[in-house]
Every structure is written in C-alpha cells, then in structure tokens.
Amino acid sequence: MTAETGRAAESTDDVEQAVQRFLAARTRTTWEPDRDLFTGGGLSSLFAMELVVHLEQTFGVVIAGTDLRLDNFRTVHAMTALVRRLRAGGGGD
Amino acid sequence: MTDDRWGAGLTVLGAGVMGSGIAALALGHGVPVLLVDPDEERLARARADIRHQLRLAALLGAGQAAEGALRVAASPGAATDSAFVIEAITENAELKAKALAGLSAIVRPGTPFVSNTSSIPIDELADSMSRPQDLAGTHFMNPPSLIGTVEVIRGPRTADETMAAVTGVLHGLGRKAVVVRDAPGFVTSRILHPMINDAARVVQAGTATADAVDALLRDCLGHRTGPLRTADLIGIDNLVDSLRVLHERTGDEGCRPCELLLAKVRAGHLGRKSGRGFYQYEEAAR
Numbered sequence: 001m002t003a004e005t006g007r008a009a010e011s012t013d014d015v016e017q018a019v020q021r022f023l024a025a026r027t028r029t030t031w032e033p034d035r036d037l038f039t040g041g042g043l044s045s046l047f048a049m050e051l052v053v054h055l056e057q058t059f060g061v062v063i064a065g066t067d068l069r070l071d072n073f074r075t076v077h078a079m080t081a082l083v084r085r086l087r088a089g090g091g092g093d
Numbered sequence: 001m002t003d004d005r006w007g008a009g010l011t012v013l014g015a016g017v018m019g020s021g022i023a024a025l026a027l028g029h030g031v032p033v034l035l036v037d038p039d040e041e042r043l044a045r046a047r048a049d050i051r052h053q054l055r056l057a058a059l060l061g062a063g064q065a066a067e068g069a070l071r072v073a074a075s076p077g078a079a080t081d082s083a084f085v086i087e088a089i090t091e092n093a094e095l096k097a098k099a100l101a102g103l104s105a106i107v108r109p110g111t112p113f114v115s116n117t118s119s120i121p122i123d124e125l126a127d128s129m130s131r132p133q134d135l136a137g138t139h140f141m142n143p144p145s146l147i148g149t150v151e152v153i154r155g156p157r158t159a160d161e162t163m164a165a166v167t168g169v170l171h172g173l174g175r176k177a178v179v180v181r182d183a184p185g186f187v188t189s190r191i192l193h194p195m196i197n198d199a200a201r202v203v204q205a206g207t208a209t210a211d212a213v214d215a216l217l218r219d220c221l222g223h224r225t226g227p228l229r230t231a232d233l234i235g236i237d238n239l240v241d242s243l244r245v246l247h248e249r250t251g252d253e254g255c256r257p258c259e260l261l262l263a264k265v266r267a268g269h270l271g272r273k274s275g276r277g278f279y280q281y282e283e284a285a286r
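The listed protein sequences derive, respectively, from chains Y and C.
For the first sequence, full-length UniProt numbering begins at 1 and goes up steadily by one.
For the second sequence, full-length UniProt numbering begins at 1 and goes up steadily by one.
Chain C extracted, bound-state conformation (with noise of 0.2 Å):
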C-alpha cells in the first residue's frame, strides 16, 4: 500500500517486542517505517526479529515477506515529517509521557499519534502532547502480522480526525479496529490480565501444573493457547506492568501480581522472549 498518504512514512518509538512486531506489520504492507530506540542493542535484535516476522507472516499467508524501506534512529530527531506516529515503548506511564511529550513537539502540528498500551488510560498520556487531541490509543495483539484484529481505545480529548487516520491506517494494514473508549485496561487486558493473575495463583498453590491448567483452558473452553502460554507470549514483565497500572487505578485486588509472577520476573523467565517463562522455548522458536 505504497501510497502519497505514506509521505515520510510511519515512525514507530520503541524497538522491543511490540514496537517490532508492529513494524513488520508495516513493512509487510509495503509501508516506509523508522524505528526509533536509544537502545543500540534492541535496534539490532529487532531488526532480526522483524526479518523473522516478516517470514513468519509469509508461511501463514498473512503478509508478503518484502522486507524494505526500514530505518532506525537512536533519537526521534529524523521523524519530523512522519505522517503516523506509533509510539510503544515499555509500559510505564511516565516514559511513554516522556516519549509522545518529545516527539509531539517536533512533528507537523496534526500529526496523528498512537500510544500502543494494553493498560494505561489514553487520557492521562494525551496531557503530554502538545495537541491532545492527535492522540488515540491501540492495543495492538501479539504478534500483529498474525492477530487480525486491534482494540482502539478514543479518549474523550481525541479528535475525529485522529481517529479516521488511525482506523484508515490500520485498514490499510489489513487490520480490523474494534473501537472502545477509555478506562484502565480498556476491555482485553481488563478482563484477560486478572485471568492470567488468577491462572498463575492456580500453579503457586500447586493445585495444577501451568501444562494442566492451559490444557483445561484450550480443550475445555476454547481458549486458543490457554492463559500461561498467553503470559509467555506478552512477556511476564509486560503482564506484571500492565497488572500494576490496573492495581493502582481500579483498586481491584485480582489485579495484583500474585508471587508467582514477580518470582519469574525477578529470575529473569520473562517468557517467549527470554526463552523461558512457564515453558521453554527454543531459539528459533521465539
């Protein structure tokens, strides 16, 4: 979808599991990306990763593998003329803040703004732009190249313009936007993340193994990889982020990382991405 719409094209701020995974997706649509992450380390891995993305897309039939038009930057300096930015960095509401405060003030007043979060309010990262209204919210599923669907959270200063960019763009990008409006957690994690808790509880008490209780889940009720196999796929440190900001702004206990997940965080068993979470994963696999 090499368009004129494209310009300068999408930037995308933050290198790691998602801000790749969201690159590919654009690359995989033919659309010029510029990642951009202080980290020169991520900026090599999620090159490796995006060209497995890209590969992986191809084998299921969800994407060409044309890998191309993509540059990476340290600084936002050379985003100026985006037209999208997508920012999605790690999940802490002060250095996402930190992130679209910097980038807003340098690009074309307009510009359309994603912040890619499973859990913070849209509405308390928009004070940080200089036109609250060019920003929306995506939660973005992973990985994006193979999950269909996006949930698209408008908080109440986003603008209409803001929101027809972004459900254009992911049209263009193949993507069905589901659109929800803004609370902590918005709707999936609301409901999925104190699942995962829950889950999680279920192997610290020793009443199942993580095997046995995906295994109830998947076959039993139609979950597709059962929730601890999900967990490893968000990365269990993104997870316990995500339960802390629900924690924080609902008040809801469910919502507090149970012992289990902080252990595994502190042991470095991040999930997928680290190669071992409530499973182990094989280099290639990841």
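With the rest of the complex left out, here is chain Y (with noise of 0.2 Å):
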C-alpha cells in the first residue's frame, strides 16, 4: 500500500464511520454498511434529503446534478463512496 491510496483508505474510513454513527443515532439502529436503508432498512426515502443536508454539512460537499439520486444513499457504502469522490473533484453533471 503507498501512502497516497494509505490515506484514501484511512479517510474512506473515517467517512463511514462517520455515517454509521449518524445513522445509529438518528435511528438508534446499527447499519451494516451494504444494508438498504429504505428498501428492507424501513427508513422514510423523506430521510434521504436529512443525509444530503448532513453529508454536505460534515464534509463540505455540494451534491447537485445526478449525484442527486436516491441510489447514492441507499447504503453506508454508497454515501461514502459518493463523498470520497467529491471530495477528489468528481462532481455529477
């Protein structure tokens, strides 16, 4: 492991956890990070814009365009991902 994709790993990881302990005191539920929050998971998809506001709040992030899409919140995995690419400068059209 290099220390560049050392660090990417380290704050991949810091951002899910940062998810998953939003999440667990939002639902005072523990979610694993591939389970569907909504579909199975039982969360309002109303819930979905409560994690835009905050991932765009905790990390600095402006989601618009297709990044908009309920796909991108459905998991921990998914949100972390999404955050890990906009903060390398990959935004949606």
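Among the clues, some could well be false.
Not everything, but these chain Y residues come out facing chain C in the computed CB check (under 10 Å) [said to hold, decoys possible]:
1. 53
2. 70
3. 73
I should point out that these hints are in silico values taken from the structure, not numbers from a laboratory.
All C-beta atoms in this analysis are idealised placements derived from N, C-alpha and C, irrespective of residue type, glycine included.
Both chains are given apart, each in its own frame, so use the hints to dock them into the complex.
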C-alpha cells in the first residue's frame, strides 16, 4: 500500500464511521455498510434529504445534478463512495 | 413545460407551507412563478423551502432540480397578467375571500383561479370573486411535489372553461386530478380529519402513545405514515382550523378539535414546520 492509497483508505474509513455514527444516532439502529436503508431498512425516503444535508455540512461537499439521486444514499457504502468522489473533485452532471 | 400558455406565469398567493410547496412543484416543471405574500420573512423562508423541496423532488426522481423563474412580491399588483392564479393562504374563509376579491378585480376577466383549501366550500369563496365562474378548488396534499394526485373541487358556479384550465394545468404539472363536488371538507378532509382528531383523543385519554397509534394504523391497516405523523405534516394549527370549518358547517361533534390538538397549537407545537408536534424534527429534516 502506498502512502497515497493509505491516506485514501483512512479517509474512507473515517467517512464510513462518521456516517454510521450519524445513522445510529438518528435511527437508534446499527447499520451494516451494505444494508439498504429504504428497501428493507424501513426508513422513509424523506429521510434521504436529511442525509444529503448532513453529508454536505459534515464533509464540506456539494451534492447536485445527477448525484442527487436516491441510490447514492441507499447504503453506508454508497454514501461513503459519493463523499470520497466529491472530495476528490468528481461531481455529477 | 415552458410554453406559450404560461405567458406571465402562475401566481401563488401565500408563501406558507402549501404556497411554497405548490410553487416548488411548478418551478420544478419549468413554470415561471410569482409568489405573493405581505410577510417578507415568510417569503424569505419560502425561498429556502422551495430550494429544499426542489432538491428533495430531484432526489426522489419526482422532478428536476431547476429552480428558476421565481419572482416574489409583497403585494399582488405584479400579478395582473397572470395566466393562472392559485390562492394558498391560511385556512381562514374571511382571509381567503379578501385575497380572492383583491386579485380577481385586477386580472384579466376569465383568468382561471384556484383556491387551495382543505375544507372551505368553494361556493362560499366564489362570492368574493368578480366572476364566480372563474373559481375552482384544489386540495393539494403536502408535499405537492411528491404526491401525484390532487383533489379538485368543482363549485356549483364553476365554468367548464375553468375546470378545463385547472385539469390541464395539473396535467402539465404531472398531477392526476380527481374531481369531486363541493362540500365542507370535500372527500379527503371529511374522512381523514375526524380520524386524526380521534387518534389524538386516543393519545389524550392515555390509551396509547402517538408512536403506538401510528404503528398500529401503519403496520396493521396500511396507512402510509400513521394519522399523527400525518397531523405533523399537515400542521396542527391548519388541522385545527380545518376541523373548525368542518364542525361549524356540518355540526358533526367528531370534528370538534380535541383538547390535545388545541394545547399543541397553544404551545406552538405545530408539527414538522415548527420542529415539534406529536414528534420532534431536526431542522434539516423538515
């Protein structure tokens, strides 16, 4: 593992853990990284907007265009990947 | 759907929860909107709320996130060349009548008007119009961008041309119109609001918590959110106003707002919009 990928992995872990902590606090449930919050997870899709705002405020990213879709917020993994990509400068159309 | 028929666009009177919601729905479909409210703070809140709703609609695949062509004004003078008017001020027959009278006197005759109301009979409001035949009713559910069906009320004096315009506009906004006749509470509020009142009475009596009432109605009977979470979404003050309209006009004691609802209004616990009602809401989740 290079120093560069090491930092990226560490950053991803931080994001993932932060998202999991937020979800646990708001839903009083522990969420596995690949568990669908909405289909099967029982959360209202309206809650996705709260996730959008939380990610923007916590990680200093702007979620817009084609990134603003429910699939990006279905799982902890999806949210982590989105934040990581936006932090690296890759936005949606 | 920006096309010639919109001309100077849609005028929405009232920048509260429903006015801003309807404005967001229209803006999300590319329709220019003039939002009129004398309260500048409410207009500022509405701008933020509209942005939030447009993003929510985009997130859920219910619209585009294109906020554009929104104008705001403190008085309706700028609305003289409107293509279509939606009155969405608070659920108070006198205030609605005054707003409709003021604007119908200055727009072109034949401009279609809609009063968005959950319970006030349209024909009562039509008396305030310079041309009663130009007025129909709608009862949008909250949030308008996410609920695809709209209750549409045809008053006894509503013209065919007005009905055609209203259903055409709703179709253009991607909504399905279900047309009903005029009566206090029409269909949805006449059935739903006494039921919510009963749900609040159950909590008031200590039979169950709000959570338990909603869980049973949701998980056993298939109600989407449960009646008390619905009350929070409607706004408990609006619900109480609507129940009063129903009680005054039908005499149905089941429509007399129960003490728990009145107490929540007195305490400012108005539901999602105030951050607390039967449940608590974080700022970002409203």
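Consistency of the hints with the structure:
1. Interface restraint check for residue 53 of chain Y: the shortest CB-CB distance to chain C comes to about 4 Å, inside 10 Å, so the restraint holds.
2. Because the closest C-beta pair between residue 70 of chain Y and chain C is about 6 Å apart, less than 10 Å, the hint holds.
3. Contact between residue 73 of chain Y and chain C, as hinted, is supported at the beta carbon level, the nearest pair being about 8 Å apart and thus within 10 Å.
Comparing the model with each numbered hint stated earlier shows that all of them hold.
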